[in-house]
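Engineer: Can you make the complete structure from the sequences, with help from the hints?
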Amino acid sequence: MTTPTSQPTRKRVVHQLDTPFSTVSWPAVSPEDQDTILELLCDNTDTLSLLSPLGQYRQTHVKRSKGKRAARKEKDDKKAAGTTEELPVPPMPEIGASIDVGLNSITRNLQALSQSDAEAAQGKPRRQYLMIFVARGNQASTFNCHFPQMIAAASKGLPSTDKIRLVGFSNPCSDRLSACLGVPRVSSIAIAKDAPGAGALQEFVLKSVPPAEAAWLDASRDAQHLTTKINAIETTVGPKRPRMNETTS
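Residues in the sequence shown are numbered consecutively from 0, following numbering that gives the first Met the number 0.
Calculated from the structure, these hints are not laboratory results.
Just so you know, these numbers come straight off a predicted model, no measurement behind them.
Glycine included, C-beta positions come from ideal geometry on N, C-alpha and C.
Be aware that a few hints might be false.
Derived lysine to aspartate or glutamate pairs resembling DMTMM-like cross-links, with alpha carbons at most 25 Å apart [stated by the list, open to error]:
{"no.": "1", "residue 1": "Lys192", "residue 2": "Glu212"}
{"no.": "2", "residue 1": "Lys206", "residue 2": "Glu38"}
{"no.": "3", "residue 1": "Lys192", "residue 2": "Asp17"}
{"no.": "4", "residue 1": "Lys162", "residue 2": "Glu93"}
{"no.": "5", "residue 1": "Lys10", "residue 2": "Glu233"}
{"no.": "6", "residue 1": "Lys206", "residue 2": "Asp161"}
{"no.": "7", "residue 1": "Lys162", "residue 2": "Asp174"}
{"no.": "8", "residue 1": "Lys10", "residue 2": "Asp193"}
{"no.": "9", "residue 1": "Lys192", "residue 2": "Glu38"}
{"no.": "10", "residue 1": "Lys239", "residue 2": "Asp99"}
{"no.": "11", "residue 1": "Lys162", "residue 2": "Glu38"}
{"no.": "12", "residue 1": "Lys155", "residue 2": "Asp174"}
{"no.": "13", "residue 1": "Lys155", "residue 2": "Asp193"}
{"no.": "14", "residue 1": "Lys228", "residue 2": "Asp17"}
{"no.": "15", "residue 1": "Lys192", "residue 2": "Glu93"}
{"no.": "16", "residue 1": "Lys155", "residue 2": "Asp34"}
{"no.": "17", "residue 1": "Lys155", "residue 2": "Glu212"}
{"no.": "18", "residue 1": "Lys206", "residue 2": "Asp17"}
{"no.": "19", "residue 1": "Lys155", "residue 2": "Glu202"}
{"no.": "20", "residue 1": "Lys206", "residue 2": "Asp99"}
{"no.": "21", "residue 1": "Lys162", "residue 2": "Asp193"}
{"no.": "22", "residue 1": "Lys10", "residue 2": "Glu212"}
{"no.": "23", "residue 1": "Lys192", "residue 2": "Asp161"}
{"no.": "24", "residue 1": "Lys206", "residue 2": "Asp34"}
{"no.": "25", "residue 1": "Lys162", "residue 2": "Glu212"}
{"no.": "26", "residue 1": "Lys206", "residue 2": "Glu31"}
{"no.": "27", "residue 1": "Lys155", "residue 2": "Asp17"}
{"no.": "28", "residue 1": "Lys228", "residue 2": "Glu202"}
Label pairs and their computed distance ranges (CB to CB) [what the hints assert, rightly or not]:
{"no.": "29", "residue 1": "Val236", "residue 2": "Asp32", "range": "53 to 59 Å"}
{"no.": "30", "residue 1": "Thr141", "residue 2": "Thr227", "range": "19 to 25 Å"}
{"no.": "31", "residue 1": "Arg125", "residue 2": "Val236", "range": "47 to 53 Å"}
{"no.": "32", "residue 1": "His14", "residue 2": "Trp215", "range": "43 to 49 Å"}
{"no.": "33", "residue 1": "Thr226", "residue 2": "His60", "range": "56 to 62 Å"}
Structural biologist: So, in C-alpha coordinates, the structure goes:
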(Lines of atoms letter the chains of each structure in order from A; the text may use other names.)
(Lines give C-alpha, C1' and ligand atoms only; values in the text may rest on other atoms or scores of the structure.)
Protein backbone atom coordinates (compact mmCIF):
# COMPACT_ATOMS: atom_id res chain seq x y z
CA MET A 0 0.00 0.00 0.00
CA THR A 1 1.43 3.35 -1.01
CA THR A 2 1.10 6.42 1.18
CA PRO A 3 -0.30 9.52 -0.51
CA THR A 4 2.33 12.16 -1.13
CA SER A 5 1.75 15.69 0.16
CA GLN A 6 0.32 17.99 -2.46
CA PRO A 7 1.03 21.71 -2.80
CA THR A 8 -1.68 24.11 -1.66
CA ARG A 9 -4.08 24.90 -4.46
CA LYS A 10 -5.65 28.31 -5.05
CA ARG A 11 -8.86 29.35 -6.73
CA VAL A 12 -10.68 32.61 -7.37
CA VAL A 13 -14.12 33.07 -5.80
CA HIS A 14 -16.47 35.75 -7.13
CA GLN A 15 -18.68 37.71 -4.74
CA LEU A 16 -21.46 40.20 -5.52
CA ASP A 17 -21.15 43.56 -3.76
CA THR A 18 -22.95 46.91 -3.78
CA PRO A 19 -21.81 49.47 -6.38
CA PHE A 20 -22.07 52.17 -3.72
CA SER A 21 -19.13 52.98 -1.50
CA THR A 22 -19.19 51.81 2.09
CA VAL A 23 -19.60 54.22 4.99
CA SER A 24 -16.82 54.22 7.58
CA TRP A 25 -17.28 54.71 11.29
CA PRO A 26 -16.41 58.26 12.41
CA ALA A 27 -12.87 58.44 13.76
CA VAL A 28 -12.82 59.07 17.52
CA SER A 29 -9.53 58.99 19.42
CA PRO A 30 -9.16 56.52 22.33
CA GLU A 31 -8.76 59.44 24.74
CA ASP A 32 -12.05 60.99 23.59
CA GLN A 33 -13.75 57.59 23.84
CA ASP A 34 -12.62 57.30 27.46
CA THR A 35 -13.87 60.81 28.26
CA ILE A 36 -17.27 60.09 26.69
CA LEU A 37 -17.56 56.83 28.62
CA GLU A 38 -16.76 58.64 31.87
CA LEU A 39 -19.43 61.26 31.18
CA LEU A 40 -21.92 58.47 30.58
CA CYS A 41 -21.11 56.15 33.46
CA ASP A 42 -18.85 57.59 36.17
CA ASN A 43 -20.76 57.27 39.46
CA THR A 44 -18.46 59.69 41.27
CA ASP A 45 -18.96 62.47 38.72
CA THR A 46 -21.85 64.86 39.28
CA LEU A 47 -22.10 65.15 35.49
CA SER A 48 -22.70 61.40 35.03
CA LEU A 49 -25.75 60.89 32.84
CA LEU A 50 -26.86 57.26 33.08
CA SER A 51 -26.19 56.52 36.76
CA PRO A 52 -29.57 57.89 38.00
CA LEU A 53 -31.37 55.39 35.77
CA GLY A 54 -29.41 52.47 37.21
CA GLN A 55 -29.98 53.67 40.77
CA TYR A 56 -33.70 54.01 40.07
CA ARG A 57 -33.96 50.47 38.69
CA GLN A 58 -32.04 49.00 41.62
CA THR A 59 -34.28 50.75 44.14
CA HIS A 60 -37.74 50.75 42.57
CA VAL A 61 -37.85 48.17 39.75
CA LYS A 62 -38.24 44.57 40.88
CA ARG A 63 -36.84 41.86 38.66
CA SER A 64 -39.36 39.22 37.66
CA LYS A 65 -38.92 35.86 39.39
CA GLY A 66 -41.73 34.14 37.49
CA LYS A 67 -45.49 33.91 37.90
CA ARG A 68 -45.32 31.37 40.71
CA ALA A 69 -43.05 33.55 42.84
CA ALA A 70 -45.20 36.63 42.16
CA ARG A 71 -48.37 34.73 43.13
CA LYS A 72 -46.75 33.45 46.33
CA GLU A 73 -45.59 36.95 47.26
CA LYS A 74 -49.08 38.31 46.64
CA ASP A 75 -50.66 35.57 48.79
CA ASP A 76 -48.15 36.20 51.60
CA LYS A 77 -48.96 39.91 51.62
CA LYS A 78 -52.66 39.16 51.60
CA ALA A 79 -52.31 36.77 54.53
CA ALA A 80 -50.30 39.35 56.46
CA GLY A 81 -52.82 42.07 55.68
CA THR A 82 -50.30 44.27 53.86
CA THR A 83 -51.77 44.35 50.36
CA GLU A 84 -51.26 48.09 50.02
CA GLU A 85 -48.04 48.97 48.18
CA LEU A 86 -46.09 52.18 48.48
CA PRO A 87 -46.27 54.50 45.46
CA VAL A 88 -43.28 54.29 43.13
CA PRO A 89 -41.70 57.63 42.21
CA PRO A 90 -41.44 58.48 38.51
CA MET A 91 -38.35 57.53 36.52
CA PRO A 92 -35.66 60.21 36.18
CA GLU A 93 -36.42 62.70 33.44
CA ILE A 94 -33.50 61.56 31.30
CA GLY A 95 -35.22 58.19 30.81
CA ALA A 96 -37.69 59.70 28.32
CA SER A 97 -34.81 60.81 26.07
CA ILE A 98 -32.87 57.53 25.88
CA ASP A 99 -33.33 54.35 23.86
CA VAL A 100 -31.38 51.21 24.73
CA GLY A 101 -30.86 48.22 22.47
CA LEU A 102 -30.10 47.52 18.84
CA ASN A 103 -33.68 46.78 17.75
CA SER A 104 -35.39 49.89 19.13
CA ILE A 105 -32.62 52.20 17.88
CA THR A 106 -32.61 50.61 14.42
CA ARG A 107 -36.40 50.94 14.11
CA ASN A 108 -36.29 54.62 15.00
CA LEU A 109 -33.40 55.30 12.61
CA GLN A 110 -35.44 53.67 9.88
CA ALA A 111 -38.36 55.98 10.69
CA LEU A 112 -36.07 59.03 10.75
CA SER A 113 -34.76 58.24 7.27
CA GLN A 114 -38.26 58.11 5.77
CA SER A 115 -39.86 61.00 3.94
CA ASP A 116 -42.19 63.38 5.77
CA ALA A 117 -45.25 61.84 4.10
CA GLU A 118 -44.28 58.34 5.23
CA ALA A 119 -43.35 59.51 8.72
CA ALA A 120 -46.69 61.29 9.18
CA GLN A 121 -48.47 57.92 8.97
CA GLY A 122 -46.39 56.34 11.72
CA LYS A 123 -45.64 57.05 15.35
CA PRO A 124 -43.91 60.25 16.48
CA ARG A 125 -40.17 60.01 15.97
CA ARG A 126 -37.50 60.65 18.57
CA GLN A 127 -34.76 62.79 17.05
CA TYR A 128 -31.43 61.34 18.12
CA LEU A 129 -28.26 63.38 18.42
CA MET A 130 -25.84 60.80 19.85
CA ILE A 131 -25.59 57.03 19.46
CA PHE A 132 -23.05 54.95 21.37
CA VAL A 133 -22.18 51.38 20.37
CA ALA A 134 -20.06 48.88 22.32
CA ARG A 135 -18.16 47.61 19.27
CA GLY A 136 -15.51 45.90 21.39
CA ASN A 137 -18.09 43.40 22.69
CA GLN A 138 -19.73 42.54 19.36
CA ALA A 139 -19.00 41.06 15.98
CA SER A 140 -19.23 43.65 13.22
CA THR A 141 -22.25 41.81 11.77
CA PHE A 142 -24.44 43.20 14.56
CA ASN A 143 -23.53 46.88 14.16
CA CYS A 144 -22.13 47.44 10.65
CA HIS A 145 -25.46 48.96 9.55
CA PHE A 146 -25.23 51.92 11.94
CA PRO A 147 -23.00 54.24 9.84
CA GLN A 148 -25.23 53.87 6.76
CA MET A 149 -28.50 54.27 8.65
CA ILE A 150 -27.27 57.26 10.64
CA ALA A 151 -25.99 58.98 7.49
CA ALA A 152 -29.39 58.46 5.85
CA ALA A 153 -31.31 59.67 8.93
CA SER A 154 -29.11 62.80 9.16
CA LYS A 155 -29.19 63.66 5.48
CA GLY A 156 -31.62 66.60 5.64
CA LEU A 157 -30.45 67.99 8.98
CA PRO A 158 -28.18 71.00 9.58
CA SER A 159 -24.60 70.19 10.56
CA THR A 160 -25.18 70.91 14.26
CA ASP A 161 -28.12 68.46 14.38
CA LYS A 162 -26.55 65.56 12.47
CA ILE A 163 -26.45 62.38 14.53
CA ARG A 164 -23.05 61.59 16.03
CA LEU A 165 -21.96 57.95 16.16
CA VAL A 166 -19.42 56.77 18.72
CA GLY A 167 -18.12 53.20 18.51
CA PHE A 168 -16.25 52.19 21.67
CA SER A 169 -13.32 50.07 20.49
CA ASN A 170 -12.59 48.67 23.96
CA PRO A 171 -15.11 46.32 25.63
CA CYS A 172 -17.45 48.38 27.81
CA SER A 173 -20.79 46.56 27.63
CA ASP A 174 -20.53 45.34 31.24
CA ARG A 175 -19.92 48.84 32.52
CA LEU A 176 -22.86 50.27 30.57
CA SER A 177 -25.07 47.42 31.80
CA ALA A 178 -24.12 47.99 35.43
CA CYS A 179 -24.66 51.72 35.06
CA LEU A 180 -28.15 51.29 33.58
CA GLY A 181 -29.15 48.39 35.80
CA VAL A 182 -30.04 46.06 32.91
CA PRO A 183 -28.56 42.64 32.02
CA ARG A 184 -26.88 43.60 28.76
CA VAL A 185 -26.32 46.81 26.78
CA SER A 186 -24.92 46.93 23.25
CA SER A 187 -26.04 50.38 22.09
CA ILE A 188 -27.51 53.58 23.55
CA ALA A 189 -29.18 56.47 21.72
CA ILE A 190 -29.76 59.89 23.29
CA ALA A 191 -32.12 62.52 21.93
CA LYS A 192 -31.14 66.10 21.24
CA ASP A 193 -31.17 68.44 24.26
CA ALA A 194 -31.79 65.58 26.67
CA PRO A 195 -32.05 66.84 30.28
CA GLY A 196 -28.70 66.66 32.05
CA ALA A 197 -26.81 65.82 28.86
CA GLY A 198 -25.40 69.29 28.23
CA ALA A 199 -21.76 68.49 29.05
CA LEU A 200 -21.83 65.21 27.10
CA GLN A 201 -23.56 66.80 24.12
CA GLU A 202 -21.08 69.67 23.98
CA PHE A 203 -18.08 67.33 24.10
CA VAL A 204 -19.47 64.91 21.50
CA LEU A 205 -20.36 67.69 19.05
CA LYS A 206 -16.84 69.07 19.42
CA SER A 207 -14.90 65.80 19.12
CA VAL A 208 -17.01 63.48 16.92
CA PRO A 209 -17.59 64.20 13.19
CA PRO A 210 -20.94 63.29 11.60
CA ALA A 211 -21.28 60.05 9.64
CA GLU A 212 -21.09 60.91 5.94
CA ALA A 213 -22.26 58.85 2.95
CA ALA A 214 -21.21 60.41 -0.34
CA TRP A 215 -23.26 57.93 -2.33
CA LEU A 216 -26.51 59.37 -0.91
CA ASP A 217 -25.95 62.53 -2.94
CA ALA A 218 -24.69 60.59 -5.93
CA SER A 219 -27.83 58.43 -5.90
CA ARG A 220 -29.86 61.42 -7.07
CA ASP A 221 -28.12 61.27 -10.43
CA ALA A 222 -30.00 59.09 -12.88
CA GLN A 223 -26.84 57.22 -13.74
CA HIS A 224 -26.69 53.46 -14.02
CA LEU A 225 -24.10 51.81 -11.81
CA THR A 226 -22.91 48.39 -12.86
CA THR A 227 -22.92 45.50 -10.46
CA LYS A 228 -19.76 45.28 -8.42
CA ILE A 229 -18.13 41.84 -8.50
CA ASN A 230 -15.25 41.09 -6.16
CA ALA A 231 -12.66 38.50 -7.19
CA ILE A 232 -11.22 36.93 -4.05
CA GLU A 233 -8.31 34.49 -4.20
CA THR A 234 -8.58 31.74 -1.62
CA THR A 235 -6.94 28.40 -0.87
CA VAL A 236 -8.49 24.99 -1.36
CA GLY A 237 -7.63 21.74 0.36
CA PRO A 238 -5.54 19.06 -1.36
CA LYS A 239 -7.23 16.94 -3.97
CA ARG A 240 -8.60 13.75 -2.42
CA PRO A 241 -7.16 10.62 -4.02
CA ARG A 242 -9.48 8.09 -5.59
CA MET A 243 -10.14 4.80 -3.83
CA ASN A 244 -8.39 2.72 -6.48
CA GLU A 245 -5.25 4.89 -6.12
CA THR A 246 -5.00 4.33 -2.33
CA THR A 247 -5.56 0.57 -2.52
CA SER A 248 -3.18 -0.13 -5.39
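Engineer: Each of the hints needs a verdict: does it hold here or not?
Structural biologist: How the hints compare with the structure:
no. : hint                          : verdict
1   : Lys192 <-> Glu212             : holds, 19 Å
2   : Lys206 <-> Glu38              : holds, 16 Å
3   : Lys192 <-> Asp17              : violated, 35 Å
4   : Lys162 <-> Glu93              : holds, 23 Å
5   : Lys10 <-> Glu233              : holds, 7 Å
6   : Lys206 <-> Asp161             : holds, 12 Å
7   : Lys162 <-> Asp174             : violated, 28 Å
8   : Lys10 <-> Asp193              : violated, 56 Å
9   : Lys192 <-> Glu38              : holds, 19 Å
10  : Lys239 <-> Asp99              : violated, 53 Å
11  : Lys162 <-> Glu38              : holds, 23 Å
12  : Lys155 <-> Asp174             : violated, 33 Å
13  : Lys155 <-> Asp193             : holds, 19 Å
14  : Lys228 <-> Asp17              : holds, 5 Å
15  : Lys192 <-> Glu93              : holds, 14 Å
16  : Lys155 <-> Asp34              : violated, 28 Å
17  : Lys155 <-> Glu212             : holds, 9 Å
18  : Lys206 <-> Asp17              : violated, 35 Å
19  : Lys155 <-> Glu202             : holds, 21 Å
20  : Lys206 <-> Asp99              : holds, 23 Å
21  : Lys162 <-> Asp193             : holds, 13 Å
22  : Lys10 <-> Glu212              : violated, 38 Å
23  : Lys192 <-> Asp161             : holds, 8 Å
24  : Lys206 <-> Asp34              : holds, 15 Å
25  : Lys162 <-> Glu212             : holds, 10 Å
26  : Lys206 <-> Glu31              : holds, 14 Å
27  : Lys155 <-> Asp17              : holds, 24 Å
28  : Lys228 <-> Glu202             : violated, 41 Å
29  : Val236 <-> Asp32: 53 to 59 Å  : violated, 45 Å
30  : Thr141 <-> Thr227: 19 to 25 Å : holds, 23 Å
31  : Arg125 <-> Val236: 47 to 53 Å : holds, 50 Å
32  : His14 <-> Trp215: 43 to 49 Å  : violated, 23 Å
33  : Thr226 <-> His60: 56 to 62 Å  : holds, 58 Å
The structure is inconsistent with the numbered hints 3, 7, 8, 10, 12, 16, 18, 22, 28, 29 and 32, although it conforms to all the rest.
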